[in-house]
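Construct the complete structure from the given sequences, taking the supplied hints into account.
Protein chains in written order, with the working numbering: chain A, 5 to 372; chain B, 56 to 369.
A few chain A positions that, by computed beta-carbon distances, are all more than 10 Å from chain B: (1) HIS60; (2) ASP61; (3) TYR113; (4) TYR246.
For lysine-lysine, the following DSS-like pairs were computed, each having C-alpha atoms within a straight-line distance of at most 27 Å: (5) B:LYS207 x A:LYS14; (6) B:LYS189 x A:LYS203; (7) A:LYS366 x B:LYS141; (8) A:LYS203 x B:LYS183; (9) B:LYS207 x A:LYS203; (10) B:LYS70 x A:LYS203; (11) B:LYS141 x A:LYS14.
Computed footprint of chain A on chain B, listed as stretches where at least three residues anywhere in the stretch have a Cβ under 8 Å from a Cβ of chain A: (12) 107-121; (13) 146-160.
Simulated from the structure, these hints should not be mistaken for laboratory data. Just so it is clear, the structure is predicted and the values come from calculations on it, not from any experiment. By construction, the Cβ of each residue, glycine as well, lies at the ideal position given by its N, Cα and C atoms.
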Amino acid sequence: MKQLFVFIRKEFYHVFRDRRTLLILFGLPVVQIVLFGFALSSEVKNIGITIFDQAHDLNSEQIVDRIKTSEYFILKESVNNYSEIEDRFQEGRVKCALVFPPNFGADLYRTGQAQVQIIADAADPNTAKILETYLSAIIGQYQHELNPNVKIPYQIVPTVRQLYNEEQNGSLSFIPGVIALIFMIVSTALTSVAVVREKEMGTMEILLVSPFNPIMVLIAKAIPYLVLSLIDFIIVLLLSAYLLDVEIKGSLLLLFGESILFIITCLSLGLLVSSVTESQQAAMLFSMMAMMLPTLLLTGFIFPLENMPKIFQVISNIIPSKYYYIIVKAVMLKGLGFEYVWKETLVLLGMTTFLLGLALKKFKIRLA
Amino acid sequence: MSDVQVNSLTKTFEKGSIQAVNDVSFSVEKGELFGLIGPDGAGKTTLFRMLTTLLLPDSGSATVNGMDIVKDYREIRRRVGYMPGKFSLYQDLTIEENLHFFATVFNTTIEENYNLIKDIYVQIEPFKKRRAGKLSGGMKQKLALCCALIHKPTVLFLDEPTTGVDVVSRKEFWDMLKSLKQQGITILVSTPYMDEANLCDRIALIQNGEIMSINTPENIVKSFPNTLYAAKAKNIYLLLKRLEADEEVESCYAFGEYLHFTVKTDGNENDLLNAIAERHPLDELELKKIKPTIEDAFIRLMHENTIKVTADGE
Chain A
5 MKQLFVFIRK EFYHVFRDRR TLLILFGLPV VQIVLFGFAL SSEVKNIGIT
55 IFDQAHDLNS EQIVDRIKTS EYFILKESVN NYSEIEDRFQ EGRVKCALVF
105 PPNFGADLYR TGQAQVQIIA DAADPNTAKI LETYLSAIIG QYQHELNPNV
155 KIPYQIVPTV RQLYNEEQNG SLSFIPGVIA LIFMIVSTAL TSVAVVREKE
205 MGTMEILLVS PFNPIMVLIA KAIPYLVLSL IDFIIVLLLS AYLLDVEIKG
255 SLLLLFGESI LFIITCLSLG LLVSSVTESQ QAAMLFSMMA MMLPTLLLTG
305 FIFPLENMPK IFQVISNIIP SKYYYIIVKA VMLKGLGFEY VWKETLVLLG
355 MTTFLLGLAL KKFKIRLA
Chain B
56 MSDVQVNSLT KTFEKGSIQA VNDVSFSVEK GELFGLIGPD GAGKTTLFRM
106 LTTLLLPDSG SATVNGMDIV KDYREIRRRV GYMPGKFSLY QDLTIEENLH
156 FFATVFNTTI EENYNLIKDI YVQIEPFKKR RAGKLSGGMK QKLALCCALI
206 HKPTVLFLDE PTTGVDVVSR KEFWDMLKSL KQQGITILVS TPYMDEANLC
256 DRIALIQNGE IMSINTPENI VKSFPNTLYA AKAKNIYLLL KRLEADEEVE
306 SCYAFGEYLH FTVKTDGNEN DLLNAIAERH PLDELELKKI KPTIEDAFIR
356 LMHENTIKVT ADGE
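Written as structure tokens, this is what we have:
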């Protein structure tokens, strides 16, 4: 027991004395959360808009005022002709423009109908579509306020609720994915590198020619990374809660339990990688290619699985992170209990048992 | 009873295409300092790895402390000390941490066997807070030896412990081995340096996975059959070419700043050298009779082996 303790302490020395490992361990979660939370956000906010107002009457200015007060748009300097609009688009300062024709207000009152033109930069079609919707909504609302008493005889009003994420917080959907990714990096990549380093340095030879049980080498390697992964998990949860205002709905205990299970899956993968590779680079590459890419692409975390060709959907079933992703989404974002995720948990448990068994079996007690 | 007994041990790599160790047999007595002398790639490391249970032999058997290297590998691992050729300690741990770690892994404490490593450890103790990666080659070897000794092994395997170490540290290292031997520890050491062979009780000359000769260093030198001569000239390359072409010369090879050669028919030394000087009147020619060294014996055996192999091939 004392041997194991001293071995684990040695592993922590390795981690805390290597700046690169430390950076990956504690820099990565922060960078990923900040990156996905702010930079790669799919939310549309603070979009530059320019106005080409040829009317300059009360109505056009009232509409512009509403746009100005909306948090979605930032009003940029107005323009005086179409070619200037083009220039602004090309400079990238604005993503949309609103054009009022010369007799906007007059037309509205005289003919009961006026036109306004929305021009959006469709180089990014999703954003353009969202901007169009926002602007139409602002104009529609204004129109409704102009004639508050008019009743359309038959009216269907759809009320929309975006469940589990009512405020459309874009951070929500990626956090489970980021957590899975971090576990893959820390538990799979770093652990495999840590074992292979012993082989590369030749220290494995000494460890094997000692009374220390070879299997204990694996356990002593795995435990520190289990602890470090959990610390990372807590960092991500804290960042999500306090930096991105994500509410963690489900039971924390369940979340931790499921996470420990998934960390053990990743650790088993890491140990497996270490027993089939001989150099640190190979271990790193193998972890990245075989483990992280599928996690990124085939768990539904960035690209929805439903849109993929059948074959990829089938392949995704053997990727452990897919199940973890489903579990975390259910527990953390929907607040569901164990009764809703037991199937996924069971699959994950089965995979872990298999991988761990394989890793232990593949571990070489000799050199060749 | 001998501490290490090796019977016809054979090991091949790459599905038998590379013969690393070929039918090797020898035995090492308790408390003996036994040297495996041979160039890089001779099979020394493979042999050590089989004896330390890290590799399984293709055929043959061996015992360490009377225990079989295949069956009783657990027990052997408990008892022997092993220092691999590559410096194998944790570079990012300090001297103290390394020693403490290995002591614990071997189920012992530094205090328990301190007397065994004391002589060596006091030399590196002033730097005990320094990381192993920042140590000089000599200090690294001393630390590695301390770590290999900390559990009081019955047999110590040292794989090229002095490779890459300066001359002074090498000498110190061998002095340490002698004092360890006096404490009754059987030591097997491999080295590519022929000058270190003289410091062993017995040596095995190994080449291409085969042992060419096993004896005490003195006997190996004594067994050199011919008289050995050294030659030197201003143009040493020309001299080498001419001696190789000389009918009377049996073998000739470069050895440091001299050429060493033997002749086919030994006779009166002075007559012989005069005759050679007459046949090859080169500038600054210097000829003398010398005592053969282990390296001369090794080169001779190697040469004979090659001839034998060629003859077998025909």
